[in-house]
Every structure is written in structure tokens, then in C-alpha cells.
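Chains A and C, in that order, are what the protein sequence lines are.
Letter by letter, the first sequence follows residues 4 to 148 in the working numbering.
Letter by letter, the second sequence follows residues 4 to 148 in the working numbering.
Simulated from the structure, these hints should not be mistaken for laboratory data.
Beta carbons are placed, not taken as given, at the ideal position from N, Cα and C, and that holds for glycine.
One or more hints might be untrue.
In silico DSBU-like links for lysine-lysine, alpha-carbon gap of 35 Å or less [said to hold, decoys possible]:
{"id": "1", "chain 1": "C", "residue 1": "Lys85", "chain 2": "C", "residue 2": "Lys42"}
{"id": "2", "chain 1": "A", "residue 1": "Lys39", "chain 2": "C", "residue 2": "Lys42"}
{"id": "3", "chain 1": "A", "residue 1": "Lys42", "chain 2": "C", "residue 2": "Lys85"}
{"id": "4", "chain 1": "A", "residue 1": "Lys42", "chain 2": "A", "residue 2": "Lys85"}
{"id": "5", "chain 1": "C", "residue 1": "Lys85", "chain 2": "A", "residue 2": "Lys85"}
{"id": "6", "chain 1": "A", "residue 1": "Lys39", "chain 2": "C", "residue 2": "Lys85"}
Covered by chain A, according to a simulated footprint, are these stretches of chain C (three or more residues, beta-carbon under 8 Å) [to be verified]:
{"id": "7", "segment": "89 to 95"}
{"id": "8", "segment": "107 to 115"}
Partial chain C-side listing against chain A, Cβ under 7 Å, derived [said to hold, decoys possible]:
{"id": "9", "residue": "Leu37"}
{"id": "10", "residue": "Leu50"}
{"id": "11", "residue": "Lys85"}
There are 2 protein chains.
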Amino acid sequence: MSKEESLRLGEDGVGGCCPGLLSAPLDGDRAETLAKVFKALGDPVRLRLLSMIASRAGGEVCVCDLTPAFDLSQPTVSHHLKLLREAGLIASERRGTWVYYRLLPETTDRLAATLTRPTGELLAQAAAEAVPAGSAAGTTAGAAS
Amino acid sequence: MSKEESLRLGEDGVGGCCPGLLSAPLDGDRAETLAKVFKALGDPVRLRLLSMIASRAGGEVCVCDLTPAFDLSQPTVSHHLKLLREAGLIASERRGTWVYYRLLPETTDRLAATLTRPTGELLAQAAAEAVPAGSAAGTTAGAAS
DNA sequence: AGGTTGCATAGACACATCTCGATGCAGGCT
DNA sequence: AGCCTGCATCGAGATGTGTCTATGCAACCT
Numbered sequence: 004m005s006k007e008e009s010l011r012l013g014e015d016g017v018g019g020c021c022p023g024l025l026s027a028p029l030d031g032d033r034a035e036t037l038a039k040v041f042k043a044l045g046d047p048v049r050l051r052l053l054s055m056i057a058s059r060a061g062g063e064v065c066v067c068d069l070t071p072a073f074d075l076s077q078p079t080v081s082h083h084l085k086l087l088r089e090a091g092l093i094a095s096e097r098r099g100t101w102v103y104y105r106l107l108p109e110t111t112d113r114l115a116a117t118l119t120r121p122t123g124e125l126l127a128q129a130a131a132e133a134v135p136a137g138s139a140a141g142t143t144a145g146a147a148s
Numbered sequence: 004m005s006k007e008e009s010l011r012l013g014e015d016g017v018g019g020c021c022p023g024l025l026s027a028p029l030d031g032d033r034a035e036t037l038a039k040v041f042k043a044l045g046d047p048v049r050l051r052l053l054s055m056i057a058s059r060a061g062g063e064v065c066v067c068d069l070t071p072a073f074d075l076s077q078p079t080v081s082h083h084l085k086l087l088r089e090a091g092l093i094a095s096e097r098r099g100t101w102v103y104y105r106l107l108p109e110t111t112d113r114l115a116a117t118l119t120r121p122t123g124e125l126l127a128q129a130a131a132e133a134v135p136a137g138s139a140a141g142t143t144a145g146a147a148s
């Protein structure tokens with residue numbers, strides 16, 4: 004359990020190197036890696052689990068608190084936790100009888116960065132919204148047929 | 004096609020109202036809605052499609068440019084585009100013979116916000132990283148066994 | 001009109017995923 | 001030791017997903 008094969012999004016996701024989804028075409032390998040993390044988030048049960056873990060005051064939640072919060076069997080909840088763990092979104096630690104889960108914020112931070120548009124576009128949009136309409140007729144290149 | 008049932012993440016995702024995944028436990032309905040969008044991102048082909056669309060200079064891409072970029076049949080690419088559309092991530096418009104897709108940045112913006120930690124935690128972590136270790140022994144409540 | 005091209009839809013099939021009950025294993029009790 | 005509790009893993013069954021070929025529809029071009 005200690006030697007889990009959890010995902011690494013690559014150190015380059017946030018630091019300014021790799022531009023994220025929205026600014027460059029994204030090669031196949033990175034797409035594959037990213038897809039695994041998004042797939043882990045693509046289930047309402049896992050989203051609620053992650054949310055419960057992340058929003059906990061102490062930063063940790065006992066599985067014994069998570070399981071009864073769902074209308075699912077204990078093995079099913081355990082299965083979902085495993086997927087979140089393998090996606091690198093959470094980590095677990097056993098202390099005595101109980102197992103505690105905590106968020107790995109690096110991963111969610113990197114995901115958020117991946118979904119964030121380059122600053123240039125944000126500025127452009129802000130400008131476009133500031134000047135409602137009318138004066139800008141033809142700003143988006145030549146859309147004429 | 005114009006009356007698609009694409010998802011709305013709710014106007015509250017970003018404006019400061021709803022706190023995102025990581026700061027409050029996330030009720031079942033919101034989890035369900037969010038999961039659909041993440042599920043749409045949980046496939047490498049769709050990630051690459053979204054990336055190609057989002058990073059295009061003019062903001063639009065013709066399907067005729069997307070399809071040959073993949074080692075997949077035309078209906079398969081069309082299917083993936085449909086899922087991205089139904090998730091509210093992209094929109095399509097037909098002009099003459101060709102169909103053009105463009106990013107809906109509101110959705111990715113909201114997703115990024117959903118994955119962003121509340122500012123308090125960011126500050127706390129920045130502080131923790133600034134002061135490497137040693138002086139702070141016991142800042143995280145009582146984790147002592 | 002007839003033919004051609006671009007894209008979407010329909011139906012089918014292989015494979016993955018979600019869920020469960022049964023079982024295993026670690027740690028704490030009496 | 002023996003038992004009980006908390007969590008993980010196993011194997012099975014139902015459902016969902018990704019992909020294909022075949023087909024349909026819209027727009028353009030003789």
C-alpha cells in the first residue's frame with residue numbers, strides 16, 4: 004500500500020512551463036495522463052468523497068466517517084477511495100485501527116492551472132466585456148463568408 | 004441541434020458564492036452535475052479535441068481539421084465532439100458546408116474555480132513553505148498521538 | 001436534377017466501470 | 001489465545017463507454 008502507483012502530473016504543469024489544455028494542442032501522452040485524473044473526478048460519489056476530505060478542518064478524515072455518509076456498501080466506498088488515491092488526488096495513512104485520508108493539493112492545483120486560460124485571453128475578454136458592443140464590429144478576424 | 008441540452012454549472016460557481024469542491028462538502032445534485040463535466044474530460048481523445056479547439060488562434064476550428072488529426076473514424080470523432088458539447092465545454096455552428104467548434108470559456112473557468120482552494124489555505128501553505136520547518140511544531144492542531 | 005462532400009445519427013459489439021456479497025488481514029479487546 | 005472491529009481485496013453480475021460500419025441529411029457543384 005505504501006508503494007502505490009499513483010499518478011504524477013509532471014512537475015511542469017503549473018510552474019509556467021506547460022501551458023495547460025487551453026493554449027497548446029496537448030500531445031497524446033499528456034492527454035492520457037490528464038484523462039486518468041479527470042476520469043477519477045467523473046463520478047458523483049468520488050466528487051463528494053474528495054469534497055468531504057478536502058473541506059475537513061484538520062485536513063484529514065477517517066474512513067469510518069466517510070463510509071456511513073453514503074448509501075453504498077463499505078467495499079464500494081473503499082473502491083472509490085482507491086481510485087482517488089491512484090489518481091494522486093488523495094493519500095491515506097493508517098493509525099492504529101483507523102485509516103485517515105487527506106487531500107494532495109498539488110494535484111488539484113495543477114488541474115486548476117491546466118484549466119486556466121492564458122492571461123492574455125482573460126484580459127482580452129475583460130476588455131470585450133467592458134465595451135459592451137457596437138464599437139467592435141469585426142474584431143474576430145474575418146468571419147465574413 | 005440548436006436546442007441542445009447542454010449543462011449549466013450554475014451561475015454560482017465562480018462569483019464567490021459557491022465555494023467549490025475543496026471548501027464545503029458538496030451536495031448530491033451539484034456532485035452529479037460536476038461529475039458529468041469531469042467525465043467528459045476523462046478521455047484522452049476528448050482532451051486533445053478540447054485542447055485543439057481552445058488553443059486555435061481564431062477561436063474556432065472546422066471539424067474537417069479535427070477529424071484527420073486522429074487515428075479514428077469520422078463518426079467516433081463526431082461522437083466525442085457531441086459529448087464535449089453536451090457537457091457545455093464547446094459549441095458548434097454550421098457555416099455552409101462546414102461545422103465550426105469553439106470553446107465555451109465560462110465552463111472551463113468555472114471548473115478551474117471549482118478546483119481552486121480557498122485563499123486562506125493558499126496563504127497558509129505559502130507561509131508554511133516560506134518557513135521550511137523546525138520553528139512550527141504543532142501548527143496543525145493536535146496531531147500528536 | 002443528379003452527384004459529391006462534410007458531418008451527424010443508428011445499431012452492434014468489445015471492453016471498462018460500478019456495485020454487491022464474501023472473504024482476508026491488521027489491530028485492539030477481553 | 002480467541003474474538004471483534006475497521007478496512008481492503010476478490011469475484012460476479014449489471015450497466016456504461018468507446019469504437020466501428022452503415023446510413024441519413026444538408027449544402028455545394030456541375
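Hint check results:
Of the supplied pair hints, the one linking C/Lys85 and C/Lys42 holds, its CA atoms being roughly 13 Å apart against a limit of 35 Å. Between A/Lys39 and C/Lys42, the direct Cα distance comes to roughly 10 Å. Compliance with the 35 Å bound is thereby established for this hinted pair. Straight-line distance between C-alpha atoms of A/Lys42 and C/Lys85 comes to about 18 Å, which keeps the hinted pair within the 35 Å bound. For a cut-off of 35 Å, the pair hint linking A/Lys42 to A/Lys85 stands: about 13 Å separates their Cα positions.
Pair hint C/Lys85 plus A/Lys85 holds up; C-alpha atoms about 30 Å apart against a cutoff of 35 Å. Only pairs whose Cα atoms come within 35 Å are accepted, and A/Lys39 paired with C/Lys85 is accepted, the gap being roughly 20 Å. Counting residues of the segment 89 to 95 of chain C whose beta carbon lies closer than 8 Å to any beta carbon of chain A gives 0, which falls below the threshold of three, so the coverage claim is violated. With 5 residues carrying a beta carbon less than 8 Å from a beta carbon of chain A, the segment 107 to 115 of chain C meets the three-residue requirement, and the given coverage holds.
A cut of 7 Å between beta carbons decides the hint on C/Leu37: the least distance to chain A is about 6 Å, and the hint holds. Here the hint on C/Leu50 is kept, as its CB sits about 4 Å from the closest CB of chain A, short of 7 Å. Restraint check, C/Lys85 versus chain A: the minimum CB separation of about 17 Å is more than 7 Å; hint violated.
Consistency with the previously given hints fails for numbers 7 and 11, ordered from lowest to highest.
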